[in-house]
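Trainee: Each chain, written out:
Number of protein chains: 4
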Amino acid sequence: MRNSIGTNVVLTLFGESHGPAVGAVIDGLAAGIPVDQDFIASQLSKRRPKGPVDTARREKDQYQILSGVFNGRTTGAPLCIIIPNEDVRSADYEATKSLARPSHADYVAQVKYGGFQDYRGGGHFSGRVTAAIVAAGAVAIKALEAKGIRIGTHILECGGVRDTDFNDLGSPESADLLESFVKAVNEKDFPVVEDIEEAITARILEAKSDSDSIGGMIQTAVTGLEPGLGEPWFDSLEGVLSKALFSIGGIKGVEFGSGFGFARMKGSEANDSFCMIDGKVRSLTNHNGGINGGISNGMPVVFNCAVKPTPSIAKEQRTVDFLKGQDAPLCLKGRHDPAIVRRICIVVSSLVAIVLCDVLASSRGTDYLK
Amino acid sequence: MRNSIGTNVVLTLFGESHGPAVGAVIDGLAAGIPVDQDFIASQLSKRRPKGPVDTARREKDQYQILSGVFNGRTTGAPLCIIIPNEDVRSADYEATKSLARPSHADYVAQVKYGGFQDYRGGGHFSGRVTAAIVAAGAVAIKALEAKGIRIGTHILECGGVRDTDFNDLGSPESADLLESFVKAVNEKDFPVVEDIEEAITARILEAKSDSDSIGGMIQTAVTGLEPGLGEPWFDSLEGVLSKALFSIGGIKGVEFGSGFGFARMKGSEANDSFCMIDGKVRSLTNHNGGINGGISNGMPVVFNCAVKPTPSIAKEQRTVDFLKGQDAPLCLKGRHDPAIVRRICIVVSSLVAIVLCDVLASSRGTDYLK
Amino acid sequence: MRNSIGTNVVLTLFGESHGPAVGAVIDGLAAGIPVDQDFIASQLSKRRPKGPVDTARREKDQYQILSGVFNGRTTGAPLCIIIPNEDVRSADYEATKSLARPSHADYVAQVKYGGFQDYRGGGHFSGRVTAAIVAAGAVAIKALEAKGIRIGTHILECGGVRDTDFNDLGSPESADLLESFVKAVNEKDFPVVEDIEEAITARILEAKSDSDSIGGMIQTAVTGLEPGLGEPWFDSLEGVLSKALFSIGGIKGVEFGSGFGFARMKGSEANDSFCMIDGKVRSLTNHNGGINGGISNGMPVVFNCAVKPTPSIAKEQRTVDFLKGQDAPLCLKGRHDPAIVRRICIVVSSLVAIVLCDVLASSRGTDYLK
Amino acid sequence: MRNSIGTNVVLTLFGESHGPAVGAVIDGLAAGIPVDQDFIASQLSKRRPKGPVDTARREKDQYQILSGVFNGRTTGAPLCIIIPNEDVRSADYEATKSLARPSHADYVAQVKYGGFQDYRGGGHFSGRVTAAIVAAGAVAIKALEAKGIRIGTHILECGGVRDTDFNDLGSPESADLLESFVKAVNEKDFPVVEDIEEAITARILEAKSDSDSIGGMIQTAVTGLEPGLGEPWFDSLEGVLSKALFSIGGIKGVEFGSGFGFARMKGSEANDSFCMIDGKVRSLTNHNGGINGGISNGMPVVFNCAVKPTPSIAKEQRTVDFLKGQDAPLCLKGRHDPAIVRRICIVVSSLVAIVLCDVLASSRGTDYLK
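Keeping their order, the protein sequence lines are chains S, V, B and W. The opening residue of the first sequence carries number 1145 in my numbering; numbering runs sequentially from there. The opening residue of the second sequence carries number 1145 in my numbering; numbering runs sequentially from there. The opening residue of the third sequence carries number 1145 in my numbering; numbering runs sequentially from there. The opening residue of the fourth sequence carries number 1145 in my numbering; numbering runs sequentially from there.
Hints are computed from structural coordinates only; laboratory data are not their basis. Take these hints with a grain of salt, some might be off.
Since the list gives no way to pick out one identical chain from another, each pair is judged satisfied if it fits inside one copy or across any two copies.
[Claimed, not checked] Within a straight-line C-alpha distance of at most 25 Å, the following computed DSS-like cross-link-like pairs (lysine-lysine) qualify:
#, residue 1, residue 2
1, Lys1410, Lys1194
2, Lys1514, Lys1468
3, Lys1352, Lys1410
4, Lys1477, Lys1410
5, Lys1291, Lys1327
6, Lys1291, Lys1514
7, Lys1459, Lys1241
8, Lys1241, Lys1424
9, Lys1291, Lys1332
10, Lys1459, Lys1410
11, Lys1241, Lys1514
Pulled out of the complex, with its shape left as it was, chain S reads as follows (with noise of 0.2 Å):
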């Protein structure tokens, strides 16, 4: 399956940093759905590099769909949307093709592919192709708000600035906090819930000053799932989010809940203990992240991502060349962001939403989210 993942709802993703363009095919969507042109482009404008903390690269982003939408609505057929390169200075990447750049993918590349991948920028390993997913990722958000499903993501922690925890906001007494804080991350361009922006800024300017990057946490509540969705083996709902958060570059720890937390609890302490509320069966607290054996179980699903420092670092660093088969110096040029943290969370929102429609129409058929 390789550039795509989906069973029902299938994502496909194609493109290189600076080739034509990058694009999305998702297929399996249910005919009918409204096409919101500019709430894609809004998505796709919370993705772009803007502020000091980003790359300098600018991208217009003037996506184009080619297929699968007709009259605003989905049609049932494959929905391909592209969006052109531009801004594209792949002269910054010629004098340094064959230095490994540690951390990136360069010479896993060049193994796999034995020198023929396109090199420009990361080629298709290119953060670049998310603006994919996140065009294509609207669509589907769309879908699932119309069904009172809500995605949030923000940033839980960056250069040691911690934002507030949805994990603290298990209780049923907490949802509707919660989903507010869910709705307003996804109102910012920078994406938290306290008033924090200017100092996790701070943090990372620091960082870019000193030629370095710096990584982060960020974290992801999905409010008004159903119980009942996913499987037991293998396609469990964190079996089938975790493979694809972990295609996101960066991206090195997925828990969901309490996650790691759990290493040093006790079942007494772990367990979320049912109990009924206005006749549904709910949780006190909410450890598992809304999941239970791999199903949903009606509460909040929330997890964390553990985001590594951006790799493109500014300062001299040690690697090889490759094609020389020896050691070399490595001083990076080129536009790099000093940490990813803001923009992965438009990326992780985006492609979950995929991947809960793909859950949706398995579980209810395809015409669910019509």
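Model the placement of chains V, B and W on the given structure of chain S, informed by the hints.
Mentor: Same frame as chain S, but now just chains V, B and W:
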């Protein structure tokens, strides 16, 4: 795909805790792989409950190969292996069948399967099904070892007691030491590197005597994996491994290399500088856990899994009776593990072996493992 | 995917002719489907060799359900059913194991599996494996019948003797007659509409007495299928059915509706004009076999399969010894069917039922068949 | 999987007849395959309507490669190729949009997509989408030719005029002749071996002048395919090819080798005796079309497809208006092919090439085609 995983080597699981048998079909293995029946038995033995820290259920695990093996070797046809269930005490579950055990799959199974699920002992959600993974995985492990690939999983932390962290052995100089640790934990029934079995056992028994359970963290290293394995989107090595891992009941977090530690690192600390050693490209550190851009880079693949405390505890808990639709207290009978960190290690290694066979077959062709 | 077929309802086959058992895992069936064990037995009985026109091998087909059924209904977990092998005379195959039986899979198996294949009785290529299809298919057939969908397969032609052609019953007025014929052939051990059992049997026995075998043509009708099932590219109804059908040994041609007859028709003859009947869209003729653009149109789905003569014949044949790499004469022992047209009918209906369950689950959601 | 086909080399199609473009993504191709842009153009030219027997719609087929090619070779990343639509006359379809053209997909599309489908020119069901198959297939054809594998498709019969039957060239002695015929038909715009272009053209024009259309039969041979490719269940070579073939609009029957002819043969006639020729296993005849047990046997793979008459005819027809729910006469405007046998040949060869790339990658690994 539900209960199957893999593209070219496909594992399918079936069976319930209290049904006639659990089993696995593994399809796509090369013909001619030696099937070592003693090794299968010894692997099952490592998973089997035996000591005071395990459940009192005693399984003989008399497995039977129904197909795919002829004259002691794989035939290339699907290999079906079953393990009949014994020592089943279904009556334990009759009284509580409509009580949703907290953090268990009872409630979601009721929603998803509408009351038709086999509720006895967790049915198809039971950890009992992992016996089939271990049996099938034993064939995969031997096939990989013939190619110089070795997988070891140990308890990294339990009850506050920590073992050697394989991430601290990330330099090329530590390669032999890591390899020896991997071999060592595979020889042991209680898979740890340091002399900490007693300390961990004490903490588990402490929890047990308190009618409680505890969680932990396990760590896996894969050595000998060549560079270039995995795909950028979406069949990244991290993606396919995490999807498999999250299917194992109790695993709620997966991180590769420094994982969540990346959140507090700078790029200059996190980047793994490449260097030439004996004519091969290696990295000076291995924060990325052997994976760049979703593809193996030739360094050991290292990842951690968070394991939640066994949800089945003897302490009285609060829950709901989902048939009556009302709150109810829960006093669990039955036989349960106060911690599953020991038994889960061999399951993880076995499942990882099967996934890696698939990755190798996908990259190198089916016959590569012959 | 190899030995599996399906997207949402997935069938996996395993087993060899002379191994411990053949079996099937069917995954993705809705929970709550009644499992009629007598019906499974009676379906297996229809496939079983019994009369003079079948092989002398006598199979008891004592099947066993290992998983996925609880209290007489499917649980939603994978259903594994096995049929132990009996009356195995492996010695028949020992002497000729390196002789490639013409039109059999012996030679290709040797090339593909390098000598590790189980050659006894054709191993995994054996028609014996179809017993597992019939057993699993019996569950699918009952699930479809509960939705008003009925599948019937009959011998359309054998030895020059022809049965009623369901394509001649393509008009809306013939619907009831077609339905009654479908029911009738499902009641019979020798599935034909007309009174031609004796005539066909005579031709088969004639071939047998001449140490030869004969082929034939079979025809399947599916009634009660709603319009809108299937996909334009590539999961067309014709595509998914033909892929399944061609897996059955001996089937070398598949045609829908007028099939190869279209080659000599004009558009004005071939087109099925639509009309309104009782408020429903129907077509006056059914040359397209109930499928337009790969999607069911509400008319009966009708298709024919060409069945080649059993390749195992007692006549001396010319072949090669692939181990010695030289020509060799072949005198086959063993017990063989002089024609498989009778026994293959129930296999086709069973496999079609499983494929249709998948198509329905993909379009309408898993729970549709509950 | 819907609009995708393949396991390791995956083709995804998108686009509508009157939308911005049709296109294909082909993923999983080895890196380093030369991409011959002139050859792509010349293949598209063969499919393009041009003479009097084709539709009057004139397409320029100015294709564009959006990704996956760098410096004239494949990169290993997904290759996306699009062909903008031109000469679109959507108004032709406006008046008849609720009239179900007989034997077309209009009615099933209405049922399946609930009125949201793009009905103009058949939308995603249009034969126009096959242009994308031809473009993507051109890359596959060149990759196969580099391995000595050649695919040729010719008109076997149309209007009662028959071409040379490749099945008559099944003996090892005829191998060179068959190879030369395959090459010959690939050079021609009107793909036939014998001097019958005029005769067939006359029959087609005769039908056209009668406001009618005619069907036909086409035949494909694949030479140079090594033995051992394909799987017993369910990815048999016959299965994967037929699934692809039946996706092409108008194909209603597929038979391998003697196909439906087997129905009237005896085993002693039908069996292909093996023999040693120049140290290789060959068969004296090739009734099985190069496939035994679903796996290639080293002989040419030969199969026929039945092509139905173009359903769009100028003659008045009877049909229904599915929005009004009543009978209605239909007088079609628009530009249509009186027969598609000529243009479909290159589509079949192209699609078969892509399927074979997948089969080879699955058996031999991705890099085999490099």
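Trainee: Cα distance capped at 25 Å. Does Lys1410 pair with Lys1194 within a copy, between copies, both, or neither?
Mentor: Intra 45 Å, inter 22 Å, cutoff 25 Å: inter-copy only.
Trainee: State whether the alpha carbon distance between Lys1291 and Lys1514 is at most 25 Å within one copy, between copies, both, or neither.
Mentor: Both: 10 Å inside a copy, 24 Å across copies.
Trainee: Evaluate Lys1291 and Lys1332 at a C-alpha cut-off of 25 Å and name the case that applies: within, between, both or neither.
Mentor: within (23 Å within a copy, 50 Å between copies)
Trainee: Are the CA atoms of Lys1241 and Lys1514 at most 25 Å apart within a copy, between copies, both, or neither?
Mentor: Only across copies: Lys1241 and Lys1514 sit 22 Å apart there, 47 Å inside one copy, limit 25 Å.
Trainee: Since the copies are identical, ignore which copy is meant and state whether Lys1459 and Lys1410 lie within 25 Å (CA to CA) inside a copy, between copies, both or neither.
Mentor: between (45 Å within a copy, 12 Å between copies)
Trainee: Since the copies are identical, ignore which copy is meant and state whether Lys1514 and Lys1468 lie within 25 Å (CA to CA) inside a copy, between copies, both or neither.
Mentor: between (56 Å within a copy, 23 Å between copies)
Trainee: Give the relationship of Lys1352 and Lys1410 under a CA distance limit of 25 Å: within one copy only, between copies only, both, or neither.
Mentor: Only across copies: Lys1352 and Lys1410 sit 10 Å apart there, 42 Å inside one copy, limit 25 Å.
Trainee: Should Lys1477 paired with Lys1410 be assigned to within, between, both, or neither, using CA atoms and 25 Å as the limit?
Mentor: Cα proximity of Lys1477 and Lys1410: across copies only (18 Å, versus 50 Å in one copy).
Trainee: How would you classify Lys1241 and Lys1424 at a CA-CA limit of 25 Å: within, between, both, or neither?
Mentor: Between copies only: 19 Å across, 59 Å inside.
Trainee: What label fits Lys1291 with Lys1327 when the C-alpha limit is 25 Å: within, between, both, or neither?
Mentor: For Lys1291 and Lys1327, only the intra-copy Cα distance (15 Å) is at most 25 Å; the inter-copy one is 43 Å.
Trainee: My question is about Lys1459 and Lys1241: at a cut-off of 25 Å on alpha-carbon distance, are they close within one copy, between copies, both, or neither?
Mentor: within (18 Å within a copy, 62 Å between copies)
In this structure, none of the earlier numbered hints is contradicted; all agree with it.
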